[in-house]
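A.B. asks: Chain by chain, the residues:
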Amino acid sequence: MFEFLFKYPADFFSNGRLILALPAWQLALAPLAVLALALLLLGYARIGRQIRGRQLLVTAVLRSLAISLVLFSLSRPLLEVTARVPQPGVIGVLLDNSISMRLDHGDDPRSAYIEQQFDTERGPLLRSLRENFDTRLFSFGASTRAIEDITDLDFSDGDSDLQQALQFVQAALQGEPLAGLVVVSDGAVQSSAQLEATLLAFKAAAIRVFGIGVGETQYQRDIEISRIEIPRQVLKGSRINARLSIRQQGYDGETLDLQVVDDGRILHRQRIRIAAGEQSFEIPLATDDAGARQLEFKLGALPGESITANNRRQATLSVDPRKTRILYFEGEPRFEFKFVRRAVADDQQIALAGLMRTADAKFYRVGIESEDELRNGFPITRDELFSYDALILGSVELALLSREQQDMIVEFVSRRGGGLLMLGGRHAFAEGGYHESVLRDLSPAVMAPRAQPGFSRDIRLQPTAAALVHPALLLAPSSDKSIARWLTLPPLTIVNPIQQIKPGATLLLASEAGDDEAAYVGMAFQRYGRGKVVAFPVQNSWLWQMHQDIELEDQTHELLWRQLLRWLAQGVPERLDLTLSSHGIHSGGSMVLRSEILQPDYSADNTAQARAVVTTPTGLEQVIDLARDTSLQGVYTAELTVTEPGNYQVRVELDQQGAMISSAESQFRVTPEGNEYYRSEMNPALLGQIAALTGGEFLPAGKTGGLAQALGQQRRGARSLTRHELWDMPVIFLLLILFLCAEWGYRRWRNLI
Amino acid sequence: MPTLAAAESGQAGATAESSSRALADIPGNSHEFYFTRGIYSGEFDDYDEGGRWAIDYPKADHQFLIALKRLSIIDAYESDNAIELTDPRLRRFPLLYAVEVGSMSLTEKEVLALRNYLLAGGFLVIDDFWGSWAWEQFANQMQRVFPDRAIVEIPLDHPVFNAFYNIDRIIQVPNVRQGWGAPGGGPTHEYDGFVPHVRGIFDDDGRLMVLINWNTDLGDAWEWADDSAYPLKFSTYAFEIGINFVIYAMTH
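Read top to bottom, the protein sequences are chains A and X. Just so we're aligned: 288 in this note's numbering is position 97 of the first sequence, and the numbers increase by one with no gaps anywhere. Just so we're aligned: 805 in this note's numbering is position 201 of the second sequence, and the numbers increase by one with no gaps anywhere.
Careful: at least some of the hints might be erroneous.
[Stated by the list, open to error] Partial list, derived from the structure: chain X residues whose beta carbon lies under 8 Å from chain A: (1) Glu636; (2) Leu675; (3) Ser676; (4) Ile677; (5) Ile678; (6) Arg696; (7) Asn720; (8) Leu723; (9) Ala724; (10) Asp809; (11) Met854; (12) Thr855.
[To be verified] Derived CB-CB ranges, DEER-like: (13) A:Arg594 <-> X:Phe806: 41 to 47 Å; (14) X:Asp772 <-> A:Ile571: 28 to 34 Å; (15) A:Arg718 <-> X:Leu716: 45 to 51 Å; (16) A:Gly645 <-> X:Thr840: 33 to 39 Å; (17) X:Pro763 <-> A:Gly705: 42 to 48 Å; (18) X:Asn744 <-> A:Gly705: 49 to 55 Å; (19) A:Gly705 <-> X:Leu716: 36 to 42 Å; (20) A:Arg434 <-> X:Thr711: 50 to 56 Å; (21) A:Ile674 <-> X:Asp772: 49 to 55 Å; (22) X:His762 <-> A:Gly645: 34 to 40 Å; (23) X:Lys713 <-> A:Thr679: 23 to 29 Å; (24) X:Asp772 <-> A:Arg434: 55 to 61 Å.
[To be verified] Which stretches of chain A does chain X cover? Using the computed rule of at least three CB atoms under 8 Å from a CB of chain X, they are: (25) 537 to 547; (26) 550 to 564; (27) 726 to 736.
It should be emphasised that the hints constitute simulated quantities derived from the structure, not laboratory data. Cβ atoms here follow ideal geometry from the backbone N, Cα and C, with glycine treated the same way.
Working from the sequences, and respecting the hints, build out all of it.
C.D. replies: Spelled out as structure tokens, the structure:
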């Protein structure tokens with residue numbers, strides 16, 4: 192009876208939701224409805240004088256009810272019902288098509304599992320899924336696509352991008368009664384924050400992801416170069432330390448060859464002994480050849496290795512051939528000036544201009560490139576100061592610098608990105624009055640609140656842990672030898688009592704703390720804006736050259752100053768730079784080029800028209816326009832998709848105020864496999880995390896029997912949302928007739944017609 | 605007016621104590637510059653009166669330091685500082701002054717110490733030796749220190765001549781006795797040292813290590829600068845070129 196009157200079963204109404212789907216145009220009729228109601232009420236008011244109040248009330252209520260029913264029907268009432276539909280749920284199966292699936296470990300390759308389980312005719316897992324679900328197959332690797340069957344797989348993709356794959360499948364199955372996704376993979380994929388965000392979106396949409404792990408979770412015997420850390424850009428001739436991380440299983444205590452090769456030339460070769468687990472090696476490298484260098488680090492293969500492709504890894508290094516310009520301003524005659532100049536005199540990449548105040552208002556210039564350079568003493572214009580890459584402030588009392596020059600020094604570091612080295616001296620730091628100036632902010636060391644003239648202490652400097660990996664302070668090829676050298680250097684004199692560094696600064700050298708005295712700061716640095724500032728508050732580092740205990744052949748003083756000044760001037764931004772998102776990618780992958788562009792005064796240029804010139808491995812040049820990244824000042828990006836394997840050269844060009852400027856050239860390598868052979872063990876942690884985040888399950892390859900059942904418990908995946916028209920329910924018509932007849936009958940009964 | 609004898613006497617008295625006293629006096633302070641006089645072994649050393657290294661010492665050193673501190677802003681130790689060439693602390697003083705080197709007769713240890721000092725970055729200023737005989741003696745000693753390095757004339761356009769003052773000619777600075785007579789047309793030279801020279805020894809990178817003032821006596825001009833009878837032009841020149849040597853030594 193209920194269903195006859197209301198058209199739908201009662202549980203529709205208890206579970207459903209009533210909505211009015213009144214079209215917008217009908218809203219325009221609202222004033223007419225109001226007008227009609229007003230006329231109705233007016234009519235009743237007029238006849239109200241002829242009939243009694245109770246009669247009026249009854250007829251008005253009955254008429255109003257009838258009109259309300261009509262209006263209700265006209266407003267297109269719908270019942271929105273969420274309900275399971277009898278149709279089968281859809282399952283998306285993502286099959287890993289990456290090259291790492293070809294790996295075998297003495298038996299079948301990983302891909303064999305997919306070929307056995309997902310064969311259209313005989314695959315048991317695919318069959319069991321298809322018995323209960325509408326199963327759709329997808330191939331994923333560097334890109335994702337829907338496939339008919341596994342004959343479309345070739346297991347040749349580069350870096351797997353699971354995040355992109357999940358998003359693709361979600362979009363492809365949009366609107367389908369999705370019961371869940373199944374990812375069949377070795378888990379050798381790049382995990383990222385974006386992946387996590389995608390999974391959270393799946394969780395919000397109640398889409399469960401089930402992972403099936405293929406392959407070994409740990410190789411019995413394998414060595415892998417897991418990571419290379421190398422500076423992005425160095426000055427030509429700099430000695431750099433590359434940090435090489437190696438993972439291995441099954442070869443504890445073995446020795447093997449390590450080679451670093453640059454364009455076929457062996458840069459470095461050594462025998463290394465490998466310990467258990469993961470370990471790092473500092474590899475000293477010379478950088479004699481300028482330009483974009485593609486360095487290949489290679490480990491010799493050992494018998495029985497699971498994968499040998501991961502014994503080599505590439506890194507890109509840009510070797511800058513230009514001479515950096517450094518200004519050393521000394522406020523009084525000091526031997527430090529002579530010996531710093533002497534230490535870097537042979538360095539072809541450092542042009543050290545010296546300006547020493549010798550008497551009141553009398554300056555002596557050395558190392559200048561033109562007669563006009565420093566003619567007026569310390570630079571009085573930004574153009575002049577900003578032409579240097581780094582600045583050394585010696586024992587320079589504050590009064591020697593005007594307020595404008597002090598501000599220029601701050602901008603030199605923060606905006607131009609120059610390096611500043613603050614030396615100790617009787618007129619430096621608080622003793623020079625810096626503590627009451629803007630120079631105080633620049634210093635990584637906390638200056639004393641007031642000067643302590645006459646203070647003097649001989650201290651022996653010791654390296655901190657940070658110094659032992661700092662490129663400027665490595666005094667020997669290995670950390671052990673470097674420490675040993677530091678500990679035998681003679682003491683130096685400090686006349687600036689500094690015992691604290693600022694939060695965020697890094698302490699590199701310090702004296703040993705005494706029983707009743709804190710340690711003195713020997714060297715500290717901090718980033719300040721675009722640049723960096725080093726405090727080296729000693730006044731006679733030249734003793735490391737001239738002390739009686741220093742052998743004539745000893746190069747410690749020269750090495751330290753060359754490294755320190757190179758590091759200080761290194762990375763000082765050019766007006767146009769270029770960074771790449773990676774050293775190497777797979778064929779078909781994308782490389783993001785990023786360029787920061789500055790105007791001649793080193794402020795961000797937000798109106799530049801820059802282009803990247805890409806030279807492919809076959810020598811073809813491709814020009815791509817860069818687009819401004821509006822979230823950052825002066826930053827431009829372009830995405831480059833590459834298919835052809837080999838080395839690519841990239842530079843950015845720009846026509847700025849009529850002058851063509853070009854960035855240093857950078858380089859990257861494209862290989863078919865990308866990074867697929869690194870960390871290629873089956874990764875149960877990642878697959879488990881994906882399953883856990885979405886409410887799915889992780890199943891090892893041999894234990895997938897319960898998968899169909901686990902998916903079958905899915906209830907929400909087959910949920911369907913339906914809307915049902917209510918305007919034509921019989922009950923509405925019956926009530927309408929009832930109200931109208933009742934009014935008519937009442938009128939007849941009361942003789943009101 | 606002080607006499608030469610008085611000067612010689614004062615010099616001898618100071619000398620007897622200096623080789624031990626001056627080193628002991630070097631404080632653990634942190635002056636940037638010490639005007640350091642080299643004590644070397646000589647053929648004519650007379651231990652009653654001191655060695656030839658101590659000619660004009662310490663008054664010349666003191667007077668030079670007064671001028672240096674007045675005319676420049678160098679944080680200089682105001683007193684003398686004499687040190688033996690074999691003293692291990694020699695290398696703490698990157699500028700070394702030595703006189704009367706015609707009598708120099710270095711021991712092997714001194715030869716080695718001086719060579720190491722100069723190669724490490726030390727700078728030696730030679731003064732007050734006259735004539736060809738003294739030159740031969742000195743050149744022989746330098747030959748022992750640097751067998752393969754030549755002594756060459758330093759041209760006037762070398763930076764040492766304009767490090768502080770612009771020196772456009774080399775003046776022969778006479779000793780005090782001849783200085784008194786010079787305004788009257790007396791000779792300024794000693795022995796056959798008629799023409800003054802500034803010569804040098806350079807290292808492999810072209811850096812000046814040894815600066816040799818031959819046939820001239822800057823030290824006497826410093827010492828007697830307070831003597832109104834000693835011509836101002838000589839003492840002025842001596843101070844100017846002396847300060848140039850110091851500034852050069854601290855910048856190159």
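A.B. asks: Taking 8 Å as the limit, does the beta-carbon of Arg696 of chain X come near enough to a beta-carbon in chain A?
C.D. replies: 7 Å, holds
A.B. asks: Count the residues of the segment 537 to 547 of chain A whose CB lies closer than 8 Å to any CB of chain X, then report whether that count reaches three.
C.D. replies: holds (count 3)
A.B. asks: Can you verify the interface hint for Leu723 of chain X: is its Cβ closer than 8 Å to any Cβ in chain A?
C.D. replies: 6 Å, holds
A.B. asks: Determine whether the Cβ-Cβ distance between Gly705 of chain A and Leu716 of chain X falls within the hinted range of 36 to 42 Å.
C.D. replies: 38 Å, holds
A.B. asks: Holds or violated: the hint that Ile678 of chain X contacts chain A, with Cβ atoms closer than 8 Å.
C.D. replies: 5 Å, holds
A.B. asks: With 55 to 61 Å as the target window, see if Asp772 of chain X and Arg434 of chain A comply at their CB atoms.
C.D. replies: For Asp772 of chain X and Arg434 of chain A the Cβ distance comes to about 58 Å; the hint holds.
A.B. asks: Is 34 to 40 Å right for how far apart the beta carbons of His762 of chain X and Gly645 of chain A are?
C.D. replies: 38 Å, holds
A.B. asks: Between the segment 726 to 736 of chain A and chain X, are there enough contacts, at least three residues with CB-CB distance under 8 Å, for the coverage claim to hold?
C.D. replies: holds (count 5)
A.B. asks: Could you tell me whether the CB distance from Lys713 of chain X to Thr679 of chain A stays inside 23 to 29 Å?
C.D. replies: Holds, at about 24 Å.
A.B. asks: Can you confirm whether chain X covers the segment 550 to 564 of chain A, using C-beta to C-beta distances below 8 Å and requiring at least three such residues?
C.D. replies: holds (count 5)
A.B. asks: Are Ala724 of chain X and chain A close enough, Cβ to Cβ, to be under 8 Å, as the hint says?
C.D. replies: Status holds, d = 6 Å.
A.B. asks: Taking the beta carbons of Ile674 of chain A and Asp772 of chain X, is their distance inside 49 to 55 Å?
C.D. replies: 54 Å, holds
Violated hints for the displayed structure: none, as all numbered hints are satisfied.
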